[in-house]
Amino acid sequence: MRARSLTALVAVAALALAGPASAGGSAPVKDGRYAGGGKRLFVFFDVSNRTIPFARIDSEKLSTCAVDGPAVFDSDTVDAHGRFVLKDSSTFPNETIKVSGRFVTSTRVRGKIKWTTASNCPAGTYGFDYRADRYGPLE
Amino acid sequence: MGTAAAVIAALALTPGADARGPTVPKPGTYAGAGAMVGANTYGMQVGFIFKAGAVDVRILGFGFPGCNGFTLVPATAIGANKFETSSMGGNDESNLLKGRWVGAGKVKGKLVLARPQVASCGDPGTYVYKYAARRYGRP
Numbered sequence: 001m002r003a004r005s006l007t008a009l010v011a012v013a014a015l016a017l018a019g020p021a022s023a024g025g026s027a028p029v030k031d032g033r034y035a036g037g038g039k040r041l042f043v044f045f046d047v048s049n050r051t052i053p054f055a056r057i058d059s060e061k062l063s064t065c066a067v068d069g070p071a072v073f074d075s076d077t078v079d080a081h082g083r084f085v086l087k088d089s090s091t092f093p094n095e096t097i098k099v100s101g102r103f104v105t106s107t108r109v110r111g112k113i114k115w116t117t118a119s120n121c122p123a124g125t126y127g128f129d130y131r132a133d134r135y136g137p138l139e
Numbered sequence: 140m141g142t143a144a145a146v147i148a149a150l151a152l153t154p155g156a157d158a159r160g161p162t163v164p165k166p167g168t169y170a171g172a173g174a175m176v177g178a179n180t181y182g183m184q185v186g187f188i189f190k191a192g193a194v195d196v197r198i199l200g201f202g203f204p205g206c207n208g209f210t211l212v213p214a215t216a217i218g219a220n221k222f223e224t225s226s227m228g229g230n231d232e233s234n235l236l237k238g239r240w241v242g243a244g245k246v247k248g249k250l251v252l253a254r255p256q257v258a259s260c261g262d263p264g265t266y267v268y269k270y271a272a273r274r275y276g277r278p
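In order, the protein sequence lines correspond to chains W and G. FYI, our numbering numbers position 24 of the first sequence as 24, with every residue one higher than the one before it. FYI, our numbering numbers position 9 of the second sequence as 148, with every residue one higher than the one before it.
The hints are simulated quantities; they were obtained by calculation from the structure and are not laboratory data. Just so we're clear, the structure is a prediction, and the values are computed from it rather than from any experiment. Treat the hints with caution; some may be incorrect.
Quick list of simulated restraints, FRET-style, between CB atoms [said to hold, decoys possible]: (1) W:112 x G:243: 22 to 32 Å; (2) W:105 x G:255: 21 to 31 Å; (3) W:30 x G:278: 26 to 36 Å; (4) W:125 x G:253: 38 to 48 Å.
With a straight-line cut-off of 25 Å between C-alpha atoms, the simulated DMTMM-like cross-links for lysine to aspartate or glutamate are [stated by the list, open to error]: (5) G:245 x W:74; (6) W:39 x G:195; (7) G:249 x W:46; (8) G:237 x W:129; (9) G:269 x W:133; (10) G:190 x G:231; (11) W:112 x W:31; (12) G:165 x W:31; (13) G:247 x W:79; (14) G:249 x W:95; (15) G:269 x G:231; (16) G:245 x W:76; (17) G:249 x W:31.
All C-beta atoms in this analysis are idealised placements derived from N, C-alpha and C, irrespective of residue type, glycine included.
For reference, chain W alone in the conformation it holds in the complex (with noise of 0.2 Å):
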C-alpha cells in the first residue's frame, strides 16, 4: 500500500515538474484573444493553430523614451513546451522588441518583455514581466 502511494506521489512530481506539457504530447494551447500587460504595460495577441499571428504592446516605460505608439510582431509557433518568442526590428529604427512567453495552462501566459535600444534611454538592454489571459474566441 506504503509503496503504491510511493509511485502514485512519484507520478504526480514528474507531471508537475514537466509544466503544462503533457506526457508524450504538446503542451495545450487554447486559440483565442489574449489580452495582459505589467506595470503600465499593455499586451495583447491572437493565437490561431499554435501560432500567434498577430500581437500588439504598448507601455508607458517605451514611450518615455521616444518608441511612440504600439509595435507589431512577427509571428511565431508555438513550441511543445508551451514557449513562444515573438519580435520586432523593424517598426522602430535602433530598436528591437523581444516578446517571450510561455502558456502555464491553456488559456494564461507568463512572459517577458526584452527591449534592446541603441539611441535611447540610455542605450542598453531592459526587461519588463508581463501576464496575459485569454478573454475570447477568435472572430
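For chain W, the structure is supplied; the task is to place chain G on it using the hints.
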C-alpha cells in the same frame, strides 16, 4: 432573524457589495478584451491605468480596420466602483466607455460607438461591445 434577512436584502441592493463588503477597486494597470454584442467577435482591446480614483484609458481598439487610436478623456471613478469616459471623433462619431469593478482587480464594462455618418472605416450605426478586464500590475 428578521434583522439578518434585512441585512442580506440591503447588501443585495447595494451595487458592488457582497457578504464580504463593498468592492474596493485596486489601483493598477488593467487590460482586457471584449466582443461586439451579437457578433461574438472579440476584436475589442482595452487598457487603462487606475490611480488616485481616476481612470486613464491608454488603449482602445475595436473591430474596425483602421479605426484604432481614439483618445478618451480620463475619467474619475463614480460611486467608488464605476467609471465612464467619452470622446468625440471625426464625422460626429462619439465613443462612450463604461466600466464597473466586480472584484478588487476585475472590471466588466461596455463600449458604445455611435457613428452617424459614413466614415473611412465601418458603416454608420451604433455598435455596442462588452468587455472584461483584469489588473496586471501596479499603476
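Hint check, failures only: 2, 5, 8, 10, 12, 13, 14 and 16
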